[in-house]
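Following the hints, position chain B against chain A.
Each protein sequence line maps, in turn, to chains A and B. Mind the numbering: the first sequence is residues 12 to 140 in my numbering, read in order. Mind the numbering: the second sequence is residues 126 to 588 in my numbering, read in order.
Treat the hints as calculated values from the structure; they're not laboratory data. Any given hint might turn out to be false.
[Claimed, not checked] With a straight-line Cα cutoff of 30 Å, these simulated BS3-like cross-link-like pairs (lysine-lysine) come out:
1. B:Lys531 x A:Lys32
2. B:Lys444 x A:Lys32
3. A:Lys106 x B:Lys444
4. B:Lys152 x A:Lys139
5. B:Lys202 x B:Lys228
6. B:Lys173 x A:Lys106
7. B:Lys152 x B:Lys355
8. B:Lys531 x B:Lys173
9. A:Lys18 x B:Lys355
10. B:Lys228 x B:Lys152
11. B:Lys355 x A:Lys106
12. A:Lys32 x A:Lys106
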Amino acid sequence: MTATLQKIQLARLAHARSGDKADWVDFGLFAWNATGYAVLAREVTAQRVAEHFAPWLPGRVECWPLPNILAIKLVLHDALQGGGARNLRLDNLGKSMAAALLRMEINVSTDELAACLAAPRVGWWGDKP
Amino acid sequence: MKKSIRIGAGLGFYGDAWEPVLASIEKGGVHYIASDHLAELTLAILQKDLQRDASLGYARDVVPFLMALWPAMAQRKVRFVCNAGGLNPAGAAAAVRAAFAAKGWSARVAVVTGDDVLKEVADLAPPHMFSGAVFDAVRDRMVFANAYLGARPVISALQQGADIVITGRVADAALFLGPLAHAFNWNLGDETPATPTDLNRLAQGLAVGHLLECSGQGSGGNFGSLQAWKAIPDLAHIGYPIAEVCEDGSAIITKAPGTGGRINFDTVRQQLLYEVHNPHAYMSPDVVLDLSTVTLEDIGQDRVRMTGATGHARPEQLKVVGGYRDGFKAEVTWGFSWPDAYDKALAAVEMVKAQLADKAVPHEALFVEFPGLNSAHGALAPLPDAKALAELNEVWVRMVLRTRDKKAADGFGRLFPWMALSGPAYTCGFQGLHNSSELLGIWPALIGRQAVESRTRVEVLQT
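If we strip away everything but chain A, and leave its shape as in the complex, we get:
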């Protein structure tokens, strides 16, 4: 057994979607399986996500773990220059911002990472030929 810690991007272990409401960007972050969810639930906190976005958008973050669907719900405040209809950015609705979340680095042990990647996905992705 090795306990070597490494930093990886969330994109390795999770998928995500973002959307807008007024001046908030709203994220759903999803583990592929229960093993991955245990890591996300430990590593992805409101504070860590706020620190991740702070160099760009230093707003408040809210976080709700949803173990029933192996997901974490996040909301970033003050993220759209006041709202989509007045935001001057090309991505005025923050639809690509879930990808910015997937850039976030988390700490995992080598064993944990291997276990997450080895565990099967819960969803049906087609019958194997």
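The following block gives chain B in isolation, referenced to the frame of chain A:
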């Protein structure tokens, strides 16, 4: 055997594709189609149409949509609910009826009105529901204010035999809850208080609506992921989601056979959490939905069973979305080629800032981003190192002026052409000489539901 109803997703926004809806009608066995044409921003767009022409202000795609799909719907007795009425549901219905009359088609078209609460909002002066800002800050600039209506007027229209229901700002998911509550005679709590069982059924119905209201986003479209999106088949022929709902509210999410896309645990839950904020209390006019008790069971072959949503009593206040004039923007995008492309783009920005200062152009902000480098992720997008940055083949810079002064916005593009001959070399693709527009701020607020519901009207017209 339980009775079940099949309801299919219509459009997910103003401008969406309707071929997948036809597939749901022809191959998906649906009884109802519900179609969401209104995002928060859409009312702002429709307001601009309405200012230009009082007969407009609705999502105009509803007319060609129905011209293309109504024959297939009528043949199978599929009923259609949409919020394409926008700021002018009567105008939308008039346009649909005129188009039907020209074809000699007949249909019962219901019009739902009463969501326009501009006058009530001016009287009640509700604060901004998130920032707490006072209404007087925007009072003179408000151009529309519409309450989110619930399922009740949709149910009324269907009870009166409407084939087509055209509403204004009915909440997206309520467009779906309405037909389900009508078909199963679910208790909304208007006459007799809703029991926990009633509330949980409504919660399931609302969750179904939420899964279907964004069309292809519920069936594998826009699946945000590293690599995994590539495994979703044939997005070019995506099938929009369809729900088979039982009387107890339990539902199977699926799509028409032979269509592209994917319905599985992953694609369904990405949509389940989309724009819901607090997942323990997803607010709607009819029920407050707790998603933390939902179970999604992936049964394979593009079928996912959803059960377990918990409902809590509906709120005493309804949400209003208001829009107010919020100044103007003007934007210019310009490219520079190797060598020194990035440095030249930065130099161009400084020259524009000098022009703004020299000419004392009134403005609040000059926003700058570099499409291709950082426009999606701002400061979180890692720039190439200095050497790679200097060697970039080309760099595009987008400059956007925010100003209260219309003339300043209209004149912004004029600050640029001189640079073609007198600025940094190897420029290409100047865009934006005339590219200014008015900005609308959105004012979300809460008002008492009685003030709204007492004036909601449903009118059924025979065409």
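Against the structure, the hints:
Taking the CA atoms of Lys531 of chain B and Lys32 of chain A, the gap is near 27 Å; set against the 30 Å cutoff, the hint holds. Under the criterion of a C-alpha separation no larger than 30 Å, the hint pairing Lys444 of chain B with Lys32 of chain A is consistent with the structure, at around 13 Å. Of the supplied pair hints, the one linking Lys106 of chain A and Lys444 of chain B holds, its CA atoms being roughly 23 Å apart against a limit of 30 Å. Between the alpha carbons of Lys152 of chain B and Lys139 of chain A the distance comes to roughly 26 Å, so the proposed pair stays at or under 30 Å and holds.
For the hint linking Lys202 of chain B to Lys228 of chain B, the alpha-carbon distance of about 18 Å falls within 30 Å, and the restraint holds. At roughly 24 Å between alpha-carbon atoms, Lys173 of chain B and Lys106 of chain A fall within 30 Å of each other, so this suggested pair holds. Restraint check for Lys152 of chain B and Lys355 of chain B: satisfied, since their Cα atoms lie roughly 25 Å apart, inside the 30 Å limit. Note on Lys531 of chain B and Lys173 of chain B: the hinted pairing holds, with a Cα-Cα distance of about 16 Å set against a maximum of 30 Å.
For a cut-off of 30 Å, the pair hint linking Lys18 of chain A to Lys355 of chain B stands: about 26 Å separates their Cα positions. For the proposed pair Lys228 of chain B and Lys152 of chain B, the alpha carbon gap of about 25 Å is at most 30 Å, so the pair holds. For the given pair, Lys355 of chain B sits about 19 Å from Lys106 of chain A by alpha-carbon distance, which is consistent with the 30 Å threshold. About 11 Å separates the Cα atoms of Lys32 of chain A and Lys106 of chain A, which keeps this hinted pair within 30 Å; it holds.
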